[in-house]
Structure formats: structure tokens, C-alpha cells
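Sequences listed follow chains D and S, in order.
The first sequence lines up with residues 1 to 418 when you count with our numbering.
The second sequence lines up with residues 1 to 443 when you count with our numbering.
Please note that a few of the clues may not be correct.
BS3-like mimics (lysine-lysine), calculated; alpha carbons at most 27 angstroms apart, straight line [as the list claims (entries may be wrong)]:
1. S/Lys-380 - S/Lys-96
2. S/Lys-442 - D/Lys-66
3. S/Lys-398 - S/Lys-442
4. D/Lys-328 - S/Lys-380
Note that these hints are calculated values from the structure, not bench results.
This is what each chain is made of:
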Amino acid sequence: MADTIAWDWQTGEKSIPVGNSNSRFEWVEEPYVSYDGERVASIVNIAEGEFTVCVNGQTWENPFEKIWHLRFTADDRLTALVSDAGEWTLAVDGVSWENRFGYVWNPLFSQDGRSIAVSFQQDRQYGMALNDVPWEETYGNLTDPVLSPDGNHTAASVQVIPTGEVEIRKFQQGTISAAKDGVVWDRPFVNVWRKAMNLNGDLAAEVRLTLYDYTIAVNGSPWEKTFGGVWEPIFHPISGAVIAPVRVKGKWYLAEEGRLLWSTPFDQLWHPVVSPDGKCIVAIVATGFGKWTVAVDGRAWRHVFSDFVTDMTFSSDSRKIAVIVKDKERWSIAVQGTAWNNTFDMIWKPVFSPDGAHVAAKVERGGKYTMALDDRLWRQDCEAAWDPLFSPDGTRLLVKTIEDGTYFRRVIPVGEFG
Amino acid sequence: MNEPVKKVAEIIPDEGIDAGLARLTEDRIENTILRVLNGETGARLKVYVETCIHCGLCSEGCHYYLSYDKDPRYSPAGKVKQTLWEMIRKKGRVDKAFMRQAVVIAATQCNMCKRCAMYCPFGIDVAYLMSVVRRITHLLGLTPQYIQATAHSHSVNMNQMWIKEDEWPDTLQWQEDEARSEIPHLRIPLEKEGADIMYSVIGPEPKFQAQLIYQAAVIMNVAGVNWTMPATPGWDNSDMAMFTGDNELMGRIKRVHFETAGRLKVKKIVMGECGHAFRSVYDMGNRWLGWKMPPIPVFHAIEFYYDMIREGRIRIAQKYAEPVTFHDPCNVVRGRGLHEKARYVVNAMCDTLIEMHPNREHNYCCCAGGGVINCGPPYKMVRIDGNRIKAEQLFAVKARGARTLIAPCHNCHSGLEDINHYYGLEMNIKFIGDILYQVMKKP
Ligand code: SF4
Ligand code: SF4
Numbered sequence: 001m002a003d004t005i006a007w008d009w010q011t012g013e014k015s016i017p018v019g020n021s022n023s024r025f026e027w028v029e030e031p032y033v034s035y036d037g038e039r040v041a042s043i044v045n046i047a048e049g050e051f052t053v054c055v056n057g058q059t060w061e062n063p064f065e066k067i068w069h070l071r072f073t074a075d076d077r078l079t080a081l082v083s084d085a086g087e088w089t090l091a092v093d094g095v096s097w098e099n100r101f102g103y104v105w106n107p108l109f110s111q112d113g114r115s116i117a118v119s120f121q122q123d124r125q126y127g128m129a130l131n132d133v134p135w136e137e138t139y140g141n142l143t144d145p146v147l148s149p150d151g152n153h154t155a156a157s158v159q160v161i162p163t164g165e166v167e168i169r170k171f172q173q174g175t176i177s178a179a180k181d182g183v184v185w186d187r188p189f190v191n192v193w194r195k196a197m198n199l200n201g202d203l204a205a206e207v208r209l210t211l212y213d214y215t216i217a218v219n220g221s222p223w224e225k226t227f228g229g230v231w232e233p234i235f236h237p238i239s240g241a242v243i244a245p246v247r248v249k250g251k252w253y254l255a256e257e258g259r260l261l262w263s264t265p266f267d268q269l270w271h272p273v274v275s276p277d278g279k280c281i282v283a284i285v286a287t288g289f290g291k292w293t294v295a296v297d298g299r300a301w302r303h304v305f306s307d308f309v310t311d312m313t314f315s316s317d318s319r320k321i322a323v324i325v326k327d328k329e330r331w332s333i334a335v336q337g338t339a340w341n342n343t344f345d346m347i348w349k350p351v352f353s354p355d356g357a358h359v360a361a362k363v364e365r366g367g368k369y370t371m372a373l374d375d376r377l378w379r380q381d382c383e384a385a386w387d388p389l390f391s392p393d394g395t396r397l398l399v400k401t402i403e404d405g406t407y408f409r410r411v412i413p414v415g416e417f418g
Numbered sequence: 001m002n003e004p005v006k007k008v009a010e011i012i013p014d015e016g017i018d019a020g021l022a023r024l025t026e027d028r029i030e031n032t033i034l035r036v037l038n039g040e041t042g043a044r045l046k047v048y049v050e051t052c053i054h055c056g057l058c059s060e061g062c063h064y065y066l067s068y069d070k071d072p073r074y075s076p077a078g079k080v081k082q083t084l085w086e087m088i089r090k091k092g093r094v095d096k097a098f099m100r101q102a103v104v105i106a107a108t109q110c111n112m113c114k115r116c117a118m119y120c121p122f123g124i125d126v127a128y129l130m131s132v133v134r135r136i137t138h139l140l141g142l143t144p145q146y147i148q149a150t151a152h153s154h155s156v157n158m159n160q161m162w163i164k165e166d167e168w169p170d171t172l173q174w175q176e177d178e179a180r181s182e183i184p185h186l187r188i189p190l191e192k193e194g195a196d197i198m199y200s201v202i203g204p205e206p207k208f209q210a211q212l213i214y215q216a217a218v219i220m221n222v223a224g225v226n227w228t229m230p231a232t233p234g235w236d237n238s239d240m241a242m243f244t245g246d247n248e249l250m251g252r253i254k255r256v257h258f259e260t261a262g263r264l265k266v267k268k269i270v271m272g273e274c275g276h277a278f279r280s281v282y283d284m285g286n287r288w289l290g291w292k293m294p295p296i297p298v299f300h301a302i303e304f305y306y307d308m309i310r311e312g313r314i315r316i317a318q319k320y321a322e323p324v325t326f327h328d329p330c331n332v333v334r335g336r337g338l339h340e341k342a343r344y345v346v347n348a349m350c351d352t353l354i355e356m357h358p359n360r361e362h363n364y365c366c367c368a369g370g371g372v373i374n375c376g377p378p379y380k381m382v383r384i385d386g387n388r389i390k391a392e393q394l395f396a397v398k399a400r401g402a403r404t405l406i407a408p409c410h411n412c413h414s415g416l417e418d419i420n421h422y423y424g425l426e427m428n429i430k431f432i433g434d435i436l437y438q439v440m441k442k443p
């Protein structure tokens, strides 16, 4: 996330009309808003087969034949996948990358927003391109791409041995590997799935050695022990150890370097996260059939939720966890194991204030959007809204909404939430 | 219609089964059977095995039995007798020849349609017992080649048809372009976070039947719903791993599907006209992962069309004139009870619905489902001969005037096409969406 100190935290309200752009264009697609709230953008159609992007009322200089996947990076550059003359590439603030491809998709952004990676296909060969630099080696197929959190490396599962669709024996001998920055591991696996990378550029991935034996491979070497299942690995930011959920005799455990780290069996266990200070590990778990919650160092919260638990977030001081919960078909937020009283038709990822004292989220009820802060609702119902963001001192909330065809950027004191 | 039943060759060569058998030892067979019986099955299996009184009432429930001249080997209890009971009785000590027969029975002579369970006085679910056999044969590496290859596709690409990651959004954009010549501002909104609906389909749609995506896009646009499709894996709701017994892979596929919907912050998933995919997201895959119900509610296309027509969001311009009959797919009728909603939709779209008999939850299976058609060309005649009863049922309804056969399920469609062709029925087989697209009011 970009440094928010330099943002305008003084002006209470700014607005940009967006409704009137409908008359200027054939059609206007859904709007996207910059993290700092200063820009609102949409893909617009200007004529048959001619698209551009309209940002705060101004269009990009050059139109394209097709545009999709409009997104702001964390440092608020506006990106989209664009095509001209049958070739595809990524454009940043209207300027295309130099490299063009048969197709590009799935743009990935580093946490600071400075690095952008895409998957590409060129002449039926597949690779990734990082900041306009394509891999030198390409492959017959590519799946599960990742960009390292620092934005320095890309990796994906790739097909290294061409196989016919019904050649099952050949497939089971291993035809898939992982490539980091285009360079493939020195052995294939039956499957290679979700991956993690650390700051040294080490790559860990879920692998299947046979149809039945699952484990984690780090830089191409599988753990000695295999399991009945594994989920996504993570690197411990302090110790460097690789941690992943593993399945043993039908139950899930958290393992580190192939050994069980948590002795508690769970019916499900995924999305492990290490706290920012590195002192505790949490994961989303099911303690029984239809009993979902969060486990902290192997101990589940007392409250369980029937439907879904997702989008877990730590406060930056590592002392609190907030998570989206869905219980009996209603969405809410749970902080430290206690759910809000308010429930919603939908809720977005919770956001902590820098000191961890407050939690805010975008919420939806009856087709209207608003903000919730510590289980209290903002007064305004809106046609559209974006995730809220706290000021560096935690006293104000940046709220970005659309009401009656006008985009509003508001800075609201936290106290306004009653 | 008295065509004699063609006897299927006793041993059909299959690379998956034969190569698998060559690697096996009787010890491994025994250990694997015991591991599944003792470690993976519970009270349900025990109750079924202990309760069955071998009365044979279930036999009349099975289309294979009826089509194969009441040969007891094709009766539900007969299939259990030739597979699971013997494994239990011999405490897993069965030989390779037995296992070969067991996999052929479980994988290609049972559609897991659960019709027989309605005929059993104790409600014994033979489909479940066959799924236990498939689990054992999966762990032994005996799964038939074609369906195993499909499971491999799922494992690599998270879809059924080896569709690569770029081919999916590219196909949607191509369909969007095509549809714009009919509805100029039509969109297939990709990756639209916060839409109300994520629309998901099965692999064959982008691969072979892209017009179905076109039609769905027109229906969504005319109905004015706020919808999206993911541009990443997770778009395919199908799941052949569910039918090979590779539960771990089934769970992985379903996790990607539901987490994709969760990432897009949609309130519901609407899926195309597929039955087995519905079973995988509504019953099997979600539950294997620990979700009692789908974490994001799932609506089969029948329910979606029903809601759109009832709410007046889709209006009919001119009803479909040719008399139709309706085939109730097992997974959404016995599995979900959508038969009356389906009839509401069909009656809204069509002038004349002529019921086939039996119908609703008593309808005969298409004989393609349960992964049987996915076992590929070697077994094609097993299922076509094994569903002569379906042909008879359809000839009867055709004699009463039905010309179009509506089947809101991909497997049913393919299976019924084979029956249509082989038995010379000459009916027009359609999805609900085909007709709805044709008869609805468009701008
Ligand atoms: S095909 Fe259907 S009726 Fe026949 S045994 Fe299997 S589940 Fe029962
Ligand atoms: S009807 Fe039920 S009890 Fe009778 S043989 Fe069939 S499964 Fe067994």
C-alpha cells in the first residue's frame, strides 16, 4: 500500500460528476476508484470496436479495439488489458507496454503497486511478463501464476512434457513443473498448484507426486513426508520455514517443513497467515461439519459460523484479527472471535485503523452500499462504494461513494459513526 | 419397439483398467479395500449392508436391469452383490479378475441416478455403495482411461476439457462480440466484483457449445441482472473427480469454484443446465470440504429461469409451437426437487407439454450420467443398450405427439442424443435455454 501521509486528509468532501458521461459515450462500464480517492475511471465504448478509458471526465489519448480488467495499482497507476490489431498487452495510464502478445490475462500487482505481472500466450506458448519483460522460456501450458510480494519474481506451474489428453500413464509419471522467472525446476510432478515466494525468491508449491501423495516442494525439492492432501504453503517471515495445511487420516493439521506444527485436528484448515510480528500463526478452520471459525496457534475461537469464513486480516500491531463471517445466510465481521450484531447482504474485507483500535468495512443491504465501523453504520446509503481507508493517525476515514450520479470523496471523522 | 438387446462383449479393453491391474498385487487390493471400509466409510455403509434383505424390489428401479431383459446382474442389488458385498464377505481378499469386473460395474453400469433408492423399502442408496466401489478402484489405479483423463484435465486446468487459461476469457469476448450484432450494448462482464450473480458453466460449453454462453448472455442482459463471469479458473462447475472417487481432487476443484465466487463478492452462483455439476456444488464437493450447504448459494438454471419469468423480467414473445416433452434429470429432480419449477418454465415457453411416463422423480435416467458417458467410446454401447427402456419411453411420448425433447442437463443431452440416433427416434433435443432464447422478447 502506498504511503497515505501525503494524501489529502483535510478536504471534507470532493465530488466528480459521473452520471453525465453516459451521454458522451455509447456505453460506460462499471467505475473503478483510485486508492487515494482522487480519480474515478471507467472503460467506455466510443464507437463499434473502439474503446477508451474515461478518468475524471478525460479519456485516454489513444483508443483500443478492446479493453478489459481495469484496475488501479496500490500506487494508483491505472492499468487495463488492451488489444489492437489482434494483439494484446497491458496499458498503464493509457500507455501500452512495448511487448505485445497473442493474449494477456490475470494481471498481478505487488503490494507496493510498483510491479505488474501478466500471464501471456504467444503462438500457443505460455509465459509471464513482469514490468514489460517477458520470460525467455515459454511453455505448452501455464497455470497458478504468482508474483512475489516484493514484486521482484514471478512463478507459475508449467507443462514441461507434452502429453496427449488421454495419455494417462504418461501424465501420471509427471509432466508439470514450476517455473520461476521462466526457469523451470529440475523435476516434474503430477501436479503443481498454489505457490508462495519469500524475499529471497525461494518458491514453495503444493505438489502431487502420484494421484494420491501430496506434499510441498520448495525450490523443486519435495518434503520427505507425503500427505492425503495439502493446501497453500506460506513462508514464515522471521524463521523462513515453510508452513502448510496437510491432511492426515481425513483430518487437517498445520505442518512446518513436513512435521506437524499444530497437534489439533480440524475438519478443514486453510489460508494460514503469520502475524506481522511473526509471533503467531492463524488459519481459517472448520471444527466440525458446517462449523467455521479462526484458529490461533492451533486453538479455535469459541464462536463458530455455519456458512463461510474468509478474508482474514491482522491489525498492524498483530494484536487483533478481523475476518468476514457468514452465519445462517447473513454476512458480518468477527473481530477477535466476536461477531458484529449488524448483518448484511454482503460485506467486504475488513480494514483496521493503523493503531488497531477500529475496524471498518464496505457493506451492502437492500441493494445499497454504505460503511460500517466497529459495528456502527454510516448514515448515507449509496449506489456504489469502495473499501474505506483510515488516515495515518486513525482519526478519519476516507470514504469513496457514488450517490445520484456523482462520485464523492469524503474524509469523515471516526466519531461520526456515533 | 422390439429390437433385440445386443450383448456387449464381456471384456472391453481399457488402458486405464488394464494397465492398472498389471501393477496390482492381491495384498494391495486387500489393504486398500480394508482401508476404505474401515477408515473412510461409517454407519451409513454398515446400515445399508446389514439392512438389505436381498428382496430385489429395487430391480424394477434400474433402467439397466429393465433394458437388459431383467438380467439380475444389472439389478441394483446384483451390482452390489458382484462388488461390495463380496469385498466385505472376503474381507478384501479378492483377486484381479474380480476387481476388473467390479470397476466395470461400478463405473460403467451404474449412473448413480438413485432411482432404485425409491423402490427399496429401506431407501438403500445403491449409488452410494457404487461410489464406495469407485473410491476403492480409484485408490487402486483402476479408473477407466477416458474419465481418468478428464480428472487429469480438472487437476491441471480446473476444468473438464483441457481449456487453457487464456482460451476461457478469449471465448467469452468472442461470444460477447457475436452477441453485440444482435444486442448492440450487450456485455459479458468479466471479473466484476460485487455483481449479484456469478454465472458458471461446464467445460464443454466454451469448447464445443459456445452458443450456449451466447444465449445465456442474451438472457442475462434482457433480464437486466447484475452478473459476472470469472476470468480465472473457478469458472467451471463440473467435476468428474467426484465420479472417479478422487475425493481430494473433487474438493480442490470445488474450493476453487467457491473461493472464486467469494473473491468476486457475489451473492449467488447461477449455473448453466448441468446436473452432475449441480450435484458436485450442492451436495458432494461442498460437503467434502466441510460446508453443509454451499457457502455462496447455488441456483441451477431452471430456478433462475423460473425466477426471471415469474418476476416478469423475461417475457415470452411467441410460444414454441412444436409439442414438447420434458426429461427430468436425476441430479436436479431427485437431487433437488426442481421438477415443478421446470414445468412452470416449460409451460411458460411452449404451447404444448406432453408428459413422458414415468416422469418427475420417477423418470428414467439418461444412462449417460454418473460419469458413465465420460468413460468414453469403449462403453458407448453398454449405455445405449442399457437404456432401451428410455427409447421405449420416448417412442411412447412421441406417439402421443411430442416432437421436441427438452433436457436441462449436459449429460442427459449427450446420452439422449445417442439414444435418439441409435434407436431412430428423430426428436429435436434442446436445452431450456435454447427455447427460451428463441421465444423470449428481446429489445
Ligand atoms: S443406475 Fe441408477 S437405478 Fe441403476 S443401480 Fe445405479 S443408481 Fe440404481
Ligand atoms: S430393494 Fe433394498 S433391501 Fe431389497 S434388495 Fe434392493 S437394496 Fe436390498
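Consistency of the hints with the structure:
1. S/Lys-380 - S/Lys-96: holds (24 angstroms)
2. S/Lys-442 - D/Lys-66: This hinted pair holds, its Cα atoms lying about 25 angstroms apart.
3. S/Lys-398 - S/Lys-442: Distance of about 31 angstroms is beyond 27 angstroms: violated.
4. D/Lys-328 - S/Lys-380: violated (45 angstroms)
The structure does not agree with the numbered hints 3, 4 stated previously, though it agrees with the rest.
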